[in-house]
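K.L.:
Residues per chain, in single letters:
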Amino acid sequence: MSENIEIGLDQNIKQSDIVSQKHLRHFLDIENLPKSLILDILDLAESFAGVSGQPVKKVPLLRGKTIVNLFFEASTRTRTTFELAAKRLSADFLNINMDYSATRKGETLLDTLRNLEAMHCDMFIVRHPSSGAAEFISKNVSQNISIINAGDGRHAHPTQAMLDIFTIRKYFPDFKKIKVAIVGDILHSRVARSLMHALRILEVPDIRVIGPKTLLPNGVEHMGVTSYVDMDEGIKGCDVVIMLRLQNERMNSSFIPDEHEYYNLYGFSPKRLDLISKKGIVMHPGPVNRGVEISSEVADGDKSVILQQVSNGIAVRMAILSLSMQP
Amino acid sequence: MKYSKDQTQALLLKIENSLKSYLLKNNIEKPIIIGVHTGGAWIADWLQKRLGYEGRAATLNISFYRDDFSKVGVNPTVEPTEMPVSVDDKHIILVDDVLFTGRTTRAAINEIFDFGRPLSVTLVVLVERNGNELPISADITGEKLELDNNKNIKLLGPDPMILEVVDKDN
Chain A
266 MSENIEIGLD
276 QNIKQSDIVS
286 QKHLRHFLDI
296 ENLPKSLILD
306 ILDLAESFAG
316 VSGQPVKKVP
326 LLRGKTIVNL
336 FFEASTRTRT
346 TFELAAKRLS
356 ADFLNINMDY
366 SATRKGETLL
376 DTLRNLEAMH
386 CDMFIVRHPS
396 SGAAEFISKN
406 VSQNISIINA
416 GDGRHAHPTQ
426 AMLDIFTIRK
436 YFPDFKKIKV
446 AIVGDILHSR
456 VARSLMHALR
466 ILEVPDIRVI
476 GPKTLLPNGV
486 EHMGVTSYVD
496 MDEGIKGCDV
506 VIMLRLQNER
516 MNSSFIPDEH
526 EYYNLYGFSP
536 KRLDLISKKG
546 IVMHPGPVNR
556 GVEISSEVAD
566 GDKSVILQQV
576 SNGIAVRMAI
586 LSLSMQP
Chain B
3 MKYSKDQTQA
13 LLLKIENSLK
23 SYLLKNNIEK
33 PIIIGVHTGG
43 AWIADWLQKR
53 LGYEGRAATL
63 NISFYRDDFS
73 KVGVNPTVEP
83 TEMPVSVDDK
93 HIILVDDVLF
103 TGRTTRAAIN
113 EIFDFGRPLS
123 VTLVVLVERN
133 GNELPISADI
143 TGEKLELDNN
153 KNIKLLGPDP
163 MILEVVDKDN
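Just so you know, the protein sequences line up as chains A and B, in that order. Numbering-wise (my numbering), the first sequence opens with residue 266 and increments by one. Numbering-wise (my numbering), the second sequence opens with residue 3 and increments by one.
For reference, chain B alone in the conformation it holds in the complex (with noise of 0.2 Å):
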C-alpha cells in the first residue's frame, strides 16, 4: 500500500506545525535539527527549510551504533554523519522517519553524547507503529499505525517523499 504524495505532505505538514508550537510553549528559540538517515535526513532538510533556519540539517548515521553488529555486521555504503555545529547546550530535534522497534533512537541518542552534551533532546517521527521494545515514545508523530509483524512502512524520496507499506521481504 502506498500513501498519496498529498497523503505524506499531510502529514509533513501536521508535525511542523506541531513542532512549530512545541517550539513556542518550550521556549526554544533555536534548536539543531538532526535527521537519521536516510528517510529521517531528507525530513529533518525539509523542516529546517520550513521553519526558515539557514544550511542543511545535521544528519546522524547510527550504523556504528547498532546493537546488533555481531548478527547482521556493518553496511559498507553508510552515508557519514554531519555534524557540523556543537551540540553542547543546544536544543536538538531529533527526526526519523519512522519509530518502530526503538532501537534507532537509542542509537542516535547515544551518538548524539558522544558530540557534546544537549540541553534536551524531542523525537519527532512521521509515524509510529506498534512493536515498541524500548520505554522510547515520540513528542511530536505524524501519525499511529497498527500494523501487520510481516508489513513495513518506510519512507520512499527525497522528492516527492511518499510513505509506503511493503511486506518485510521486500
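Chain A extracted, bound-state conformation (with noise of 0.2 Å):
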C-alpha cells in the first residue's frame, strides 16, 4: 500500500461520487452502485451488442466526445476492449501509455491530468497498479470529465466485474437461483474484490471463494461470502466457477509452494468438471496462465466461456462509457 502515500492519498478508499443524480458519473467501483443501476447497464449493454454484428460496427453515439486511455499498467484485453467499445460509439480516442516512472511524484500525475484537461478531453479510463488511483484522480479533475476505473491496484476492477455478471446472466438469467464460485488468488485480485460486490448486489445466494489460506484474505467472510481451502469442496455443484490467475508481480513474497502444486491443488483440470452443476459455465478474466491456474483441456473446453467474456467487454464498456457521459 506504500503506493497511495506517494500519490498522496489517503488510506481509507472512500466511495464517492459513483452515482450523481441517478446517472453515472464516474465508474469508479461497484460497491456502492444501486441494484437498478447494476440492471441498467447490462440492459443497455445487451443493446449494445448487436452492434459488433453490424456491417457498419459503430453509432454515432459519442460523436465529438475526446476519451483518454490512461494506463500506468499493463494490459491487453482491458486497453483494447475500451479503445474499440470508445470508437464503437464514434468517440475519438487516444491511448496515452504512461510511463510510470515518470509520474511517481504526486505533481507530476496532476500536471499530467491538467495538461490533458487543457485538450479538453471528455473522459479518462485509468488503470493504475495503486489502489485507490482512479478516485484520487476523480478528485482532481475539472468537474466535466468522467473518469473509469479499469483497474487500480488490489483495490477494484468494476468493468471487468460487470463483464463478467453480464456473461453470467447469458446462462443464468437469476441471480437469485445460482451457486458461483471464484478459485486462486483472492488476495491479490482486484477483479475478485468487485465480483463479490456485483454478485453480493444481485443478491446471489451462494458465493464462494476458494484458495489457499495465503491468499484468501483475513475477514473475506465479511463480504458476504464462504471460503473454501479444498477446491473440490468448493466448487461442488457450482454453476459458475470463475478462476483467477496467480499474480506474481503482486506477489512480495512466498505464497505458494510452487505453480506446479498450486496446479495440483486449485487447478482447474478436466477431472474436475464432474464437479460442477451440468449447466455449469468456467471463466477466467485473463490473462490465462495454462497449466498453473487452469489446464488447456479446460480453458479450450466447451463448458468455457473465456473469449465470450472478451467479446462481451466491449458492449458492457460501450454501456459504461455512454452512461457516463450522458447530462
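Please note that the accuracy of each hint is not assured.
What the hints assert, rightly or not - Derived pair list, reagent style DSBU-like, types lysine-lysine, alpha-carbon separation capped at 35 Å:
1. K4(B) with K22(B)
2. K92(B) with K323(A)
3. K156(B) with K300(A)
4. K352(A) with K73(B)
5. K92(B) with K322(A)
6. K32(B) with K92(B)
7. K92(B) with K352(A)
8. K435(A) with K73(B)
9. K170(B) with K323(A)
10. K51(B) with K435(A)
11. K156(B) with K322(A)
12. K404(A) with K73(B)
13. K435(A) with K156(B)
Hints were generated in silico from the structure; no laboratory data involved. None of these values were measured; they are calculated from a predicted model.
Assemble the dimeric complex from its two separately framed chains, guided by the hints.
P.N.:
Pasting the structure below:
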C-alpha cells in the first residue's frame, strides 16, 4: 500500500460520486452501486451487443467526445476493449501509455492531468498499480471530466466484474438461483473484490471463494461469501466457476509452494469438470496461465466462456462509457 | 382525447391499402418492412402479416442515432435493433407511428445505412402531425393532424392498437 502515499492518497478509500443524479458520473467501484443501475448497465449492454454484428460496427452516440486511455500498468484485453468500445461509439480516442516511473511523484501526475484537461478531453479511463488511483484522479480533475476505473491496485476492477456478470446472465438469467465460486489468488485480485460486491448486490445466494489460506484475505467472510481451502469441496455443484490468475507481480513473498503443487491443489483440471453443475460454466478474466490455474482442455473446452467474456467486454464498456457521458 | 379502436383500425387499413397500391405501382415485389421502436414496430409487424410475408418485421431502435444525446442521454431500457436480413439492394418500407419533427426518421435512415445500401426507402406513418423540423415527409400517411404545441399523439398497443392525444407533460 506504500504506493498510495506516493500519490498522496488517504489510506481509507472512500466511495464518492459514483452516482450523481441517478446517472453515472464516474465509474470507480461497484460497491455502492444500486442494483437498478447495475441492471440498467446490463440491459443497455445487451442493446450494444448487436452493434458488433452490423456491417458498419459503429453508432454515432459519442461523436465529438474525446476519451483518453490513461494506463499506468500493462494491459491488453482491457485497454483494447475500451478502445474498441469508444470507437464503436464514434468517440475520438487517445491511448496514452504512461511511463509509470515518470509519474511517481504526485505533482507530476497532476501536471499530466492538467495538460490533458487543457486538451479538452471528456473522459479518462485509468489503470494504475495503486489502489485508489482512479478515485484520486476523479477528485483532481475538472467537473466535466468522467473517470472510469480500469483497475486500481488490489482495490477494484469494476468493468471486468460488470462484463463477468453480463456473461453469467446470458447463461443464468436469475441471479437468485445460482452458486458461484471464485478460485485462486483472491488476496491480490481486484477482479475478485469487484465481483464479490456485484454478486452480493445482485443477491446471488451462494458465493464462494476458494484458495490456499495465504491467498484468502483475512475476514473475507464479511463480504457475504463462504471461504474454502479445498477446491473439490468448494466447486461442488457450482453453476459458475471463475478462475483467477496467480498475480506473481503483486506477490512480495512466497504465498504458494510452487506452481506445480498449486495446479494439483487449485488448478482446474478436466477431472474437476464433473464436480460442477450440469449446465455449469468456467470463466477466467485473463490473461490465462495454462497449466497453473487452469488446464488447456478446460480453458478451450465447451464449458469455457473465456472468449465470450472478451467479446462481452466491448458491449458492457460501451454501456458504461455512454451512461457516464450523458448529461 | 382517445381514438376508438375502430378509428385506429380504419387508419391502419388505409395505410395497408395505400401501401399495396404503392408496391404494385412501383413494381416492388418483396420489400423489407422495418418498424421503429416501439409503435412503429407494432404497425410493421401488423403490415407484415397483412401483406402475407413470413416472419416478423425487422425493428430499429434509433436511441444510439439520436441527435439529442448531449441533452437527454440514453435510455437504458432500449430494445435492441433486430435486422435479420441484409438491406443491400432491397426496397425498404420504413414504418413509424407518428411523423412529427422528422428527427426520428433522420436517425432511422442513418441506422439503416449502417446495415448496407438499400435500393430505396419508403416512409409509412399512421399519423403525420404539424411541427416538422427537417425536409422529411411521409410517402404514405393514415391521417394528417394539426395539434397544439402542448399536445402529443402516441400509439398504445400492441393489441389492440389505439391512438391517443395527450398533454406533453403526460
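K.L.:
Now tell me if each hint is right for this structure.
P.N.:
Comparing the hints with the structure gives:
Taken as a hint, the K4(B) and K22(B) pair is honoured in the structure, with Cα atoms around 28 Å apart against an allowance of 35 Å. Restraint check: the Cα-Cα separation between K92(B) and K323(A) comes to about 22 Å, which is no more than 35 Å; the hinted pair holds. Using a Cα cut-off of 35 Å, the hinted pair K156(B) and K300(A) holds, with the two alpha carbons roughly 31 Å apart. In summary, the hint linking K352(A) to K73(B) is supported, as the alpha carbons are separated by about 21 Å, within the 35 Å threshold.
Taken as a hint, the K92(B) and K322(A) pair is honoured in the structure, with Cα atoms around 20 Å apart against an allowance of 35 Å. Taking the CA atoms of K32(B) and K92(B), the gap is near 8 Å; set against the 35 Å cutoff, the hint holds. Our distance criterion of 35 Å between C-alpha atoms is met by K92(B) and K352(A), whose separation comes to about 29 Å. Taking the CA atoms of K435(A) and K73(B), the gap is about 32 Å. The hint holds against a cut of 35 Å.
A threshold of 35 Å between alpha carbons decides the hint, and for K170(B) with K323(A) the separation of about 33 Å falls inside it, so the pair holds. Restraint check: the Cα-Cα separation between K51(B) and K435(A) comes to about 31 Å, which is no more than 35 Å; the hinted pair holds. For the given pair, K156(B) sits about 32 Å from K322(A) by alpha-carbon distance, which is consistent with the 35 Å threshold. Of the supplied pair hints, the one linking K404(A) and K73(B) holds, its CA atoms being roughly 25 Å apart against a limit of 35 Å.
For the given pair, K435(A) sits about 34 Å from K156(B) by alpha-carbon distance, which is consistent with the 35 Å threshold.
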